[in-house]
Structures are given as C-alpha cells and as structure tokens.
Amino acid sequence: MYKYIIKRLILSVIILFFVVFIIYAVLRCLPASYVETMAMQLSQAPGSKPYEEWLVQLNAQYGLDIGIVPGFFVQLKNLVTFNFGDSWKYTVPVLEKFNSVIWVSFVMGCIALVLELIIAIPLGVIAATKQYSKTDYAITAIALTGISLPTFFLATFLKLIFSVKLGWFDLFGLVGRDHQSLTAMGQFLDKANHLVLPIVTLVIISIGGLMRYTRTNMLEVLNADYIRTARAKGLSENKVIYNHAFRNTLIPLVTIVGGSLPGLFSGALITETLFAIPGIGYASYYAMVAGDIPFSMFYLSFLAILTLAGNLITDLLYGVVDPRVRYS
Amino acid sequence: MSEKEINTSAVSPEEEQLSLNDDRRVKSLSPGALVAKRFFRNRLAVVGLVILAVMFIFSYIGGWIMPYGQEQVFFTEEYQMKEYAGATENNEYRYISAEGQDFGAVLQAKFTLAASKKADTFDNKDLVYTVTELGPELYTVSQGETVIGLAYKDIINPFDQNAKFSFNFTVAALEAYVNEESSFTADGVNYTIDDNATIASPDGEIAYVSRVIVQSKVAGTTISRELKELVSQNIEDGITAFTYTGADGVEHEYTMEYNPADKIWSIKEATATRVFDMYSSPSSEHPLGTDKNGMDMLTRLMYGGRVSLRIGFIVVFISAFLGVILGGVSGYFGKWVDQLIMRIVDIFYCIPSTPLLIILGAAMDGMRVDPQIRMLYLMLILGFLGWPGIARLVRGQILSLREQEFMTATESSGLRVSRRIFKHLIPNVIPQLIVTCTMSLGSTIITESTLSFLGLGVKFPFASWGNIMNDVNNVHVLTNYWFIWIPAGVLLVLTVLGFNFVGDGLRDAFDPKMKR
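Taken in sequence, the protein lines are chains A and B.
Residue numbers are given in my numbering: position 118 of the first sequence equals residue 118, and the series is strictly consecutive.
Residue numbers are given in my numbering: position 194 of the second sequence equals residue 194, and the series is strictly consecutive.
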C-alpha cells in the first residue's frame, strides 16, 4: 500500500514536471502583451527612454530575456521554493492575492457540492430502481439537460429572471452597495444573498453528471447476483435497494466525490467571471486575459496539482471503501 | 412478436414457393438492425435525432433559403428633429441713416426714449432733433430741415438677395405700407404695394414687407418667402405643426416651438438619417429582429449554427483520429509503448484546458489573428486537447479484446499487424467510440460557444451561437432585447441536448445486455 502510494507520488511529480513545462512554454511563446503594454505606457511618459529600451529592461526585469528552457528551470526553482513572485496585474505577491480570493471560491464550491449530492444521488437511485418508467425518463432528461446547458446561458437566464424581473438578487458582485454600513450579520447575509445565483448555476450545471453516474452504477449493482439472492431470500424491496444495492453503489460514488474534493479549490472560472464574484476563477481570468505570467503560471500549476491529487485520492479511496481492490 | 405475425399472416401464391430455410421463415436481424431497433425504441434518442435533423436543416438549408447574407447590414431611417429655422417678430426699432448723415447709437438711444415718451423732439449735444411720425411705429428723425435717419419695425425683404435699396425708397415704401396705401413714388419711380405687402416696380416684384424675421439655421439654405409668410401666418394663428411643399416639390413637415426666454419661434424639421438598424424588434422582414450591427438575427443564427456544428465535427474528428491511432497502438503493443503513450495521456489530462484556451484566445486577440485563421487554430487546439480521453477508451477496449480467441486466430492466420489492429480490433471499439464522440460533440460545442461568448473564440464577422450571445454582457441588452440572446441560447441547448440524447440512446442500444 505505502509502496503503491510512493510510486504514484513519484509518477505524479514526473507528470507535474512536464505539465508545468508545457504551461511555461505556452505562456512564454505568447506575445508578452503585458510587458509590451507596460513598455508602451512607460515610453510615452515625457522625457522617457524609447520603447525598445524599456522593452529590453522590462524583459530582463521579469526574467523573459533568457531562453525557454533556462527560464523554465529558474521558474521551477521558484515554484519549488514557493517563491511565486508578484502578480503583474494585481501588483501584490501572488500568494497574497491567492489567499485573499481562494476562500470565496472554496465556500461556493463546498455549498454547491453538498447541494449537488443531496439532490443528485436520491434522484439517480430513484431513476435506476424505476428503470424505463416515466420517472426514469424524466430524470434522465433532466440530467442530460443539465449537462447540455452552457454555463453562460444558464447564468444569463437566471440573471434575467431573478435579478432583472424579480429583483431578488444583484446582477454582479459579492457585496451590495451598502455593504459597509451593514452590521456583521447584515454583511454576512448580504454576501450569502450574492452567492445564491452562482451556487444555483454551479449546482444545475454539475448535477446531471452525478445523477447519471449514480444511475449507471445503481443499475449495474441491481443486475448483480447478490441482489437476486437478496430478493430470493425474501427481503423486502426497500431493504434490497437501500441496504444491499445502495451501499454497493456508494463505492464508486465515494471515490468520485473524494476525487472531486481538491477541485473545490480550483474555483469556477466561468461562473465567477459571469457573476463577478471575486474568487480564484475571477481573479485568474482577468490575470490570464491581461497576460499576467506569474499569476497564470501559479494558477495553472495549482490546477494541475489539484487534478493529480484528485486522481490519487480516487484511486486510494477505491482500496479503502472496496475491500475487493488490492494494490500491487 | 411482430416477426411471428408476419409469418403467420396470409401469404401470396408466389411466396408459398419459398423453401423452408428461406431467411424470411425465421426472421433474424443483423446486429446493426438490432441496434437500430433498440435505438428507435428509446423515445429520448428519437427526440434527440429529430432535434439534430431540425438543426441541420435550419443551419444548412435555412441559410441557403434565407434571402439575406451572413454579413448583410440593414439600415433604417431615423427621424430626428433638427432645427431648421428660427423666427422672431421684430419688436425693436431698427434704424437706417439717410445718405451722408450719421444716425449713430447715441441718437438711436435718445430717439427710443423720446418715442416711448411720445415726445416730438429730443436734444443731443446742444442740438435739437425733431421726430416725425410717418405712420404707426415708423418715424423719421431730422435735425433742422435735414432728415438724418429712419426708425422702423417692419422689414423690407428684397427678393434678390443682393439688392440694395436707397434711403428714400425705404422711407417711401414703409410709409406707404404702414399707411396701407397701394402705391408710392421714390427716386422718380412709381411702385405699387399689393395686399400681400409685395412691392412691385414697373419691372416686376422686387421686395415684400413683413415684421417677422425668419433666419435659416442650416448652412447654405435660404428660406423662401412663402415659407416665411406661412410661418408668420402660423405665429398669428397659433398653429404649431404644418407642412410645406418646397420649390422642389418635396413635402416637408415642420413643427414650431416658442421659446419665451429669447422670444424666438424655432422651426424644426424632422430629418431622416440613415443609421444601422440596431436591435430592431422582430418583424415580418426580420423574424428575430436585428443585432447591434444591424444584421438579420435569424440569418446570423443559421450561419452561426453552421459554424458551431462544423467546429464540433472537425474537432471531434481530429480527437478521434489521434485517439484511435495512439490508443490502438498503445493497447496493442503494450509494454513501454503503452507506458509512454499513457504517460503522455496523463500529462494531457493534467493540463487545465479551459484556462489554457482562455490564454491562447487572449494571445490571439493580442496578435490580431485573422478571424478565419483563428477559427482553424481553435479547431486544432480543441481537437488536440480532446484526444487523450478517446485514446484511453480505445486502449482499454483493445486490452480486453486482445486476449480473446478471435485475435489469436488472426495471429495464427498470419495477418499483418496494421490489419489486425485496424481491421479486427478497431471495429470492435467502434460502438463505444461512436457513443463517446457523440457525447463529446455536445461538449465541444459548449466549449466553443463559451469561448466565443467570452470573446475569445469565433470572432466577428463570423457568427457562432456563442458570439451572438456575447452582446448580453451589456445589461441594457439583457433587460430589453430578449431576441438577441434567447434564441441563440435555446438553439445551443437544443443541439447539445440532441447530441446527448442520441449518444445516450446509442450507448443503451449498443449494450447487448439491454433488457429490451
């Protein structure tokens, strides 16, 4: 087991090395629009150096004057020593910015995940137990609709109904206009109010996948021999489904949910941007569009680590919850 | 079952000739037909298929039928009230000096005082000036016996803009006018004034008298007398809107507004300006209105559908092509080849694709890539990011198939490796491949439209369902113009739903363990 974990960890580090290299190479191959814009601005100041000189100086300052491979090793050294540099766009250390925006995303992700589990798993189980019934068709259709909805359309639609027509929520932002004048409780409620629509969007978008996953696994379990045995020995249908079948369905569910836990830190890029929620997704969207290499580099590497961590957790949880799985 | 019913039903004489082992006796269906049968029994799948058929017809045939082009811009006439002229009724005295005399500002002021007091004389610098009333609000001022100036309120407007009238003529004409005489003599010439206050010399009409001053506010236009008269008539009658047919035969509509502060009647004309037909509401001409560039929304949606569908298919084709080859090679050869390819797959899995696409989109914005080439890049990048999933699927299938007897048979019959992979292994992977590809068509279309929505994917002038909706970032559009974004969003959702329904139906249909 420990051997397996260590082997997986080493593999993850190797994969991470290449992923970071690819990310760095892509970022470096882009026209460094941020540096160019800055150089242009600086050169237009009265009595300033010409654009070319500024460009050279800024490139040297940001470590862009060395080749991609040496530059990558410099960057790698910085990443390994947790020296992520200063964000160009936000002009604060990357970690400071990250720390100030990550928690909104995390809270949003957690609430959305809990709601998703509460809604999707029971519906998936119901759909599987009543396969080919009207309920099953309806649930499958809802699940597929959820998968098919583009985030931006759903978010806009929710905005139209709940913000514009009903006026329940604000269109953008995490805090209202009068946030500063509210009491602590009022401030909390204000933030909660602004998070309702983004969370609803996240839940609707991701509910379909989990619902179908539950249904598929439940169907597989329901076709298993031990379920036939359970029925044959005269157990009530409720007991068969909730004691025997559902507990076995939990195996894949626990693993996949465990695997998605690191993803709670990755933020919701599109949703946060659309609702202007200052989370990690929103912050990195604008950093990326502005060509902010230190922040983008950090965010992309962070996402890669989260993905690897998720995969590792999924595989390990399999062994934990399913005694039939043994690692070699 | 229906097959049995066919066999037991009455048969025609020719069919009785058939032998017993004719395949119609025990009707067996090919595996493909079985899949089709199972597929068509799934109502959701059929709904999906119908949706997709409608979308293809809408995008391809619709775009061909529509009379408008993708980039055809529509214009509209917008009416704006523009100030055309200003009219004032002259209530102040105006002055002219007699030839060789100076009726200056000081004298004018003294005269005004005297006139308001109805005095006959006034003094200035030890000289006494006499005021003579020629008629209502028409005075001559003389010093001793010499007439030095004229104070008047009615204005003589010459028909010929360049005409200059002598002092004597002005005095005589105005005197005749205010006293309502029909003729006068000035400088030895006889003139007549008719009821319309037109002054005519023996050679013809030369001028008219009116108290209303109408000045053009539009450079380069002169205002005809008829219009001026119409305006003064309307001021008297209190009419504020009127039409006037100009010399060119065009009917103009004017409205008049009185501004009490500066006592001016401003005459406004509705002038048409040619503008983009922006955000026009749905009409028979434009069933879904027009967008912010004045392009027909329905046509844009049709062409946008073509772009979205085409990008979806090309991207999935690229990923499937790469995925099948690499997955097939990996699964078949195993060992280090498998290890190598699977580690590459792992690396690709780890690359955060949405952020990467956003960065690349922003970079292409920065480099000002031509929209056509940009679309190509987008397809290549999306396709290149999509293959690892398919490679993994194909490899997994091949690993299990490789151990089966039919593969041992192909090996023992000495078939080439490429033939074994592509002729015997891959066809067995096709069902899962079709299902995955159909589902990923839907997700590719979502990714493309999300990027286009953020302005980082397909760019104007090309339409895509995503960039049509991009306009909704403007809150004004969100609240007021549903037809700009709802139809595009609905089409997008329906298409993706269609692909997912069909994919789901195919998955069930291909599954031999299916109960029905």
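Think of the hints as simulated: they come from the structure by calculation, not from any bench.
Possibly wrong hints are sitting among the right ones.
[Unchecked claim] Derived PhoX-like pairs: lysine-lysine, alpha-carbon spacing no greater than 25 Å straight-line:
no. : chain 1 : residue 1 : chain 2 : residue 2
1   : B       : Lys-263   : B       : Lys-153
2   : B       : Lys-335   : A       : Lys-7
3   : A       : Lys-134   : A       : Lys-239
4   : A       : Lys-3     : A       : Lys-130
5   : B       : Lys-217   : B       : Lys-164
6   : B       : Lys-82    : B       : Lys-217
7   : B       : Lys-292   : A       : Lys-130
8   : A       : Lys-134   : B       : Lys-37
9   : A       : Lys-165   : B       : Lys-292
10  : B       : Lys-335   : A       : Lys-3
11  : B       : Lys-118   : B       : Lys-153
12  : A       : Lys-191   : A       : Lys-165
13  : A       : Lys-7     : A       : Lys-77
14  : B       : Lys-82    : B       : Lys-335
15  : B       : Lys-217   : B       : Lys-292
Which numbered conditions among the earlier hints are violated in the structure presented, ordered from lowest to highest? Hints 4, 7, 14 and 15 not satisfied by this model.
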